[in-house]
Amino acid sequence: MQTGHPIDLLFPYVCGELSKDEAQRVSEHCAACPACAREVDLVRATQRLLARRVPVAPPPFFWTRLSARLDAEGVRSVFWPEVIWVSKRLIPALIAATLILTSLFWQDEGTSNIESYLTGNGTGKAGEQVLVGNQAISKETVFQTAVLDDAARSD
Amino acid sequence: MELVARCQSGDRAAFRQLVEQYERTVFNIIVSVMGDPTEADDIAQEVFLKVYRSLPTFRGGSQFSVWLYRVTVNQCLDWLKRRRRRSAVMSLDQLVDQSEGDLDFLFKDASPDATETLDEARLQQAIHAALNTLTPDHRVVIVLKDLEGRSQEEIAAILDCPVGTVKSRLTRAREALKERLRPFYEAWKAGGN
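If you read the protein sequences in the order shown, they are chains A and B. Its first residue numbered 7, the first sequence is counted upward by one per residue in my numbering. Its first residue numbered 1304, the second sequence is counted upward by one per residue in my numbering.
Just so you know, these hints were derived from the structure itself, not from any lab. Glycine included, C-beta positions come from ideal geometry on N, C-alpha and C. Zero decoy hints are in this set.
Taking lysine-lysine and the DSSO-like style, the derived pairs with C-alpha atoms no more than 27 Å apart in a straight line are:
1. B/Lys-1353 to B/Lys-1384
2. B/Lys-1492 to B/Lys-1481
3. B/Lys-1470 to B/Lys-1481
4. B/Lys-1353 to A/Lys-94
5. B/Lys-1481 to B/Lys-1384
6. B/Lys-1384 to B/Lys-1470
7. B/Lys-1411 to B/Lys-1492
8. B/Lys-1481 to A/Lys-26
9. A/Lys-26 to B/Lys-1470
Chain B regions said to be covered by chain A (calculated; three or more residues, Cβ under 8 Å):
10. 1314–1328
11. 1338–1345
12. 1348–1354
13. 1406–1412
14. 1428–1434
15. 1445–1459
16. 1475–1486
Far from chain A by the CB rule (all over 10 Å, computed), these chain B residues:
17. Phe-1367
18. Ser-1368
19. Leu-1380
20. Arg-1386
21. Met-1393
22. Ser-1402
23. Ala-1490
Take these sequences, add in the hints, and give me the full structure.
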């Protein structure tokens, strides 16, 4: 097809999407141009074919089936928000409780170890040595040093 | 919008009314875009379930129908991406072969007595077959514009793209459809019509 033929305007022309002036120009062109007139015929046939489409009716009982699925959805939508609500509160509470219990347990364990270490009771044994810097010192010495330090501070 | 507001407040009867108001259009968009009615029921169910779930978040920034058709089109495009099997619809060539080369069923003007069931069924299949030759993007604009009568602005809102994109897709889709029909139309014309 030569340039100057309003090929891109033929569908809008047939579909009534052009302004009055544009439609007039296309109409005049087609009246004088057999190639475009034939093209308009094909465009009309295409649009006519589409226009003859019969709308499809939705299958029967569409709502009944959808409603059943909505009921199932409803059960889920009631159930899950509750689970989420409870989880949001329960999980942080459980974490907090675990942390508190763990810290209490470690604190208790730590204190009893220091006590037994300094006094030589419990799990610690008298005469045992500990490393202070690079030197091995007996626990009794550590204890005595601590007592002397306390006494010096109180003076 | 009042109906939508009632649905948002959990009124099931209002949702039923909403479904009944739009199901025909939703179905027709699905059948045309999919080119095959067999999966339309499943897809329509998914569309309305999605709408039901999302209704509380619908703020009315756009028309409800535009939003609903956007959900419908997106659902169809998702299904087309996932679909492994080919559409059960026959090709145009197969349909013409079946009619032994008689193309009247395609191009003859419909008249009150031209309602032969076989021809009508074949015609409807031919329309789907012709649409099936287009890409999904092109099919969607043809369906919304030429079959559902939506404006280009509405289609742009439904597809969430500029009006210029809709115009160019529409031009290319219509051209592709015309070219697909050309050999049949020329053969029909050559037969003295």
